[in-house]
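There are 2 protein chains.
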Amino acid sequence: MQLQSPQLAKEIRRGDRRALSKGITLVENEREGASNLLRMLKPSGHAFIVGVTGPPGTGKSTLVDRLIELYRKKGLRVGVIAVDPTSPITGGALLGDRIRMGSHAGDRSVYIRSMASRGWSGGLSRATSQVIQLMDAAGFDIILLETVGIGQSDIEVVGVSHAVLVVLMPGLGDDVQVSKAGLMEIGDVYVVNKADMEGSDSMVVTLLSAVRGMKSRSPPVIKVSALTGEGLEKLEGAIEVVRTRFDQGDLDLKLRSVKGMIIETARWTLMERLSKVSQEEAERLARLVVRGKLSIDEAAARLAR
Amino acid sequence: MQLQSPQLAKEIRRGDRRALSKGITLVENEREGASNLLRMLKPSGHAFIVGVTGPPGTGKSTLVDRLIELYRKKGLRVGVIAVDPTSPITGGALLGDRIRMGSHAGDRSVYIRSMASRGWSGGLSRATSQVIQLMDAAGFDIILLETVGIGQSDIEVVGVSHAVLVVLMPGLGDDVQVSKAGLMEIGDVYVVNKADMEGSDSMVVTLLSAVRGMKSRSPPVIKVSALTGEGLEKLEGAIEVVRTRFDQGDLDLKLRSVKGMIIETARWTLMERLSKVSQEEAERLARLVVRGKLSIDEAAARLAR
Chain A
48 MQLQSPQLAK EIRRGDRRAL SKGITLVENE REGASNLLRM LKPSGHAFIV GVTGPPGTGK
108 STLVDRLIEL YRKKGLRVGV IAVDPTSPIT GGALLGDRIR MGSHAGDRSV YIRSMASRGW
168 SGGLSRATSQ VIQLMDAAGF DIILLETVGI GQSDIEVVGV SHAVLVVLMP GLGDDVQVSK
228 AGLMEIGDVY VVNKADMEGS DSMVVTLLSA VRGMKSRSPP VIKVSALTGE GLEKLEGAIE
288 VVRTRFDQGD LDLKLRSVKG MIIETARWTL MERLSKVSQE EAERLARLVV RGKLSIDEAA
348 ARLAR
Chain B
48 MQLQSPQLAK EIRRGDRRAL SKGITLVENE REGASNLLRM LKPSGHAFIV GVTGPPGTGK
108 STLVDRLIEL YRKKGLRVGV IAVDPTSPIT GGALLGDRIR MGSHAGDRSV YIRSMASRGW
168 SGGLSRATSQ VIQLMDAAGF DIILLETVGI GQSDIEVVGV SHAVLVVLMP GLGDDVQVSK
228 AGLMEIGDVY VVNKADMEGS DSMVVTLLSA VRGMKSRSPP VIKVSALTGE GLEKLEGAIE
288 VVRTRFDQGD LDLKLRSVKG MIIETARWTL MERLSKVSQE EAERLARLVV RGKLSIDEAA
348 ARLAR
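Chains A and B supply the protein sequences, listed in that same order. According to this note's numbering, the stretch in the first sequence is residues 48 to 352, in order. According to this note's numbering, the stretch in the second sequence is residues 48 to 352, in order.
These are calculated hints, taken from the structure and not from any lab test. Be a bit skeptical, because a hint or two may be false.
Between beta-carbon pairs, the in silico distance windows are [said to hold, decoys possible]:
1) D299/B - E287/A: 52 to 60 angstroms
2) K323/A - G104/B: 35 to 43 angstroms
3) K323/A - D299/B: 20 to 28 angstroms
4) E287/A - T109/B: 26 to 34 angstroms
5) R264/B - K323/A: 24 to 32 angstroms
6) N76/A - D299/B: 27 to 35 angstroms
7) D243/A - G339/B: 44 to 52 angstroms
8) S68/B - R119/A: 51 to 59 angstroms
9) L274/A - D297/B: 49 to 57 angstroms
Just a few of them, taken from the derived set where beta-carbon distance is under 10 angstroms, the chain B residues facing chain A [as the list claims (entries may be wrong)]:
10) G104
11) K121
12) S304
13) K306
14) T312
15) A313
16) V337
17) R352
Glycine included, each C-beta is placed from N, C-alpha and C at the ideal position.
Take the sequences, apply the hints, and build the full model.
Below, the structure is given as structure tokens:
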């Protein structure tokens with residue numbers, strides 16, 4: 048791979064789709080080659096990264112499709128990473144990409160990659176950070192990162208974004224689920240999707256009072272219907288506020304995303320290290336625990352060393 | 048805390064519920080105290096651990112309720128840990144425990160604890176392993192561990208179980224979701240819940256062919272209705288097959304669970320270490336990356352060191 052990398056890097060930088068796919072596969076499967084490739088690519092940090100997260104079934108995928116259309120109308124190149132294991136798109140990686148590509152088929156300026164969650168949860172995150180870097184190097188202007196907002200690990204994936212959209216919908220229970228999942232702390236924009244459903248207005252009111260005081264600036268709450276298009280312009284406007292800051296070189300915004308990627312990658316590195324030693328060594332330590340020679344905590348401390 | 052631990056350990060070993068709750072809170076919040084407590088408690092590995100996992104909405108919580116009843120009829124003491132962030136029970140920790148306790152209220156031999164997913168995803172896992180050890184020390188015979196089966200991190204939580212029930216239901220899409228999520232590799236028993244729904248028979252057929260050859264012994268596929276009780280005895284029988292092996296001291300079974308707990312705890316230890324250094328150091332490294340002095344990979348490698 049080392050020999051191939053310079054050529055591959057060159058092709059990715061030219062925006063070659065096949066090269067990009069090859070690069071992503073490399074990132075997903077091979078640590079060394081991926082690091083070499085990224086070193087050669089030197090991603091510029093040009094791409095504006097939008098995280099789209101929220102509970103399953105809130106219509107994140109449809110919304111992402113709308114956002115693609117929106118940015119394409121502005122002439123921007125759009126990369127999409129879908130890491131939502133509950134989404135019909137990621138869940139069915141077999142069909143998903145093809146179905147989704149349907150509406151953007153033939154558009155060379157849209158690149159969609161769905162990533163199955165596999166291996167250590169950190170593995171997903173690391174791959175995500177690296178795929179973002181590849182897409183960035185390939186010249187995409189916007190990267191949409193779709194991830195399901197259940198569980199902390201999924202939520203942390205969006206830590207690499209410059210703007211995080213939290214997508215909710217009416218009837219999610221009494222919002223306890225939302226606050227428990229940590230979604231109330233990460234949004235730059237809150238989206239109440241399926242605006243036509245009963246209860247959408249009261250959901251907006253609830254959210255407005257929930258987000259007040261959550262951050263130094265209260266994030267906007269916007270009612271949309273990804274299906275009919277209602278409210279999408281307003282949503283676009285809210286994202287543009289953040290994108291303008293990004294384009295003006297806002298350092299905090301850049302640092303936030305880079306920091307997120309560093310942490311995600313470091314986490315993965317640690318998990319990989321653990322999984323390499325773990326099987327045989329864990330087996331040996333487990334025997335000691337079963338024989339009463341060691342506590343589980345002591346065994347874990349040895350394994351983590 | 049060091050001073051309190053001997054007394055607390057004594058009370059937990061007596062099966063005192065308030066002491067157990069105190070111990071669990073300790074485990075969730077404080078590393079040192081928890082390790083001391085566990086060292087004193089020396090969990091015996093008496094408890095049989097049943098993991099109950101599957102996609103959201105398949106009725107895991109109701110099934111767990113049925114299993115509690117079942118084991119209570121046998122005179123066994125049952126501990127329940129619910130780490131399903133999508134479950135109405137965990138999601139609403141405020142209400143959840145109380146609602147659920149409703150049906151087992153006053154039964155001193157049932158202890159239910161729901162755990163919100165917070166901090167590093169590994170944090171959840173570590174706490175889970177330690178809460179299991181506490182419940183084990185407190186003399187519970189059965190520990191039911193309910194976790195949502197989306198994403199690898201959730202799936203790995205059930206690695207600490209002696210028997211894993213994968214709960215599915217008709218109409219989950221074309222099962223791609225299930226196989227993608229890694230659920231087809233971890234089940235000791237497959238449960239098709241909501242047996243009255245259309246498509247449950249064909250789901251059983253699909254699963255039977257999917258599990259064939261997955262393990263050395265094909266795991267059983269059982270159609271139940273947690274709501275009406277249909278099929279529950281058959282399910283109980285399938286779990287009893289594993290429990291009998293456990294009671295006979297099957298070493299492989301013991302090792303599997305202990306190994307799972309060691310790995311989960313080690314993972315948490317690493318993540319905790321990372322989160323301690325990460326914020327300031329990650330910020331510093333991120334600045335170097337933004338200035339082009341370092342790649343994200345190099346920064347991550349430094350952070351992980």
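Now the hints, each set against the structure:
Taking 52 to 60 angstroms as the suggested C-beta distance range, the pair D299/B and E287/A conforms, at roughly 58 angstroms. Checked against the hint of 35 to 43 angstroms, the C-beta distance between K323/A and G104/B comes to roughly 36 angstroms, which is consistent with it. Between K323/A and D299/B, the C-beta spacing of about 23 angstroms keeps the proposed range 20 to 28 angstroms intact. Range check, E287/A to T109/B: Cβ separation about 46 angstroms, and the 26 to 34 angstroms hint is violated.
Taking 24 to 32 angstroms as the suggested C-beta distance range, the pair R264/B and K323/A conforms, at roughly 29 angstroms. Between N76/A and D299/B the beta carbon distance is about 31 angstroms. The supplied range of 27 to 35 angstroms therefore holds. At about 48 angstroms, the beta-carbon gap between D243/A and G339/B stays in the expected band of 44 to 52 angstroms. Look at S68/B against R119/A: about 55 angstroms separates their beta carbons, and that is inside 51 to 59 angstroms.
L274/A and D297/B have their C-beta atoms about 54 angstroms apart, which keeps the hinted 49 to 57 angstroms range intact. Hint status for G104/B relative to chain A: holds, with the closest Cβ pair at about 9 angstroms, below 10 angstroms. Restraint check, K121/B versus chain A: the minimum CB separation of about 26 angstroms is more than 10 angstroms; hint violated. Hint status for S304/B relative to chain A: holds, with the closest Cβ pair at about 9 angstroms, below 10 angstroms.
Look at K306/B: its Cβ gets to within about 4 angstroms of chain A, closer than 10 angstroms, so that hint holds up. Hint on T312/B holds. Least Cβ distance to chain A is approximately 3 angstroms, under the 10 angstroms limit. The interface hint given for A313/B is met, as the beta carbon of that residue sits about 4 angstroms from the closest beta carbon of chain A, less than 10 angstroms. With a cut of 10 angstroms, the hint placing V337/B at the interface with chain A holds, because the nearest CB-to-CB distance is about 5 angstroms.
Taking 10 angstroms as the C-beta contact cut-off toward chain A, the hint placing R352/B at the interface holds, the least distance being around 9 angstroms.
Of the numbered hints stated above, those contradicted by the structure are hints 4, 11, listed in ascending order.
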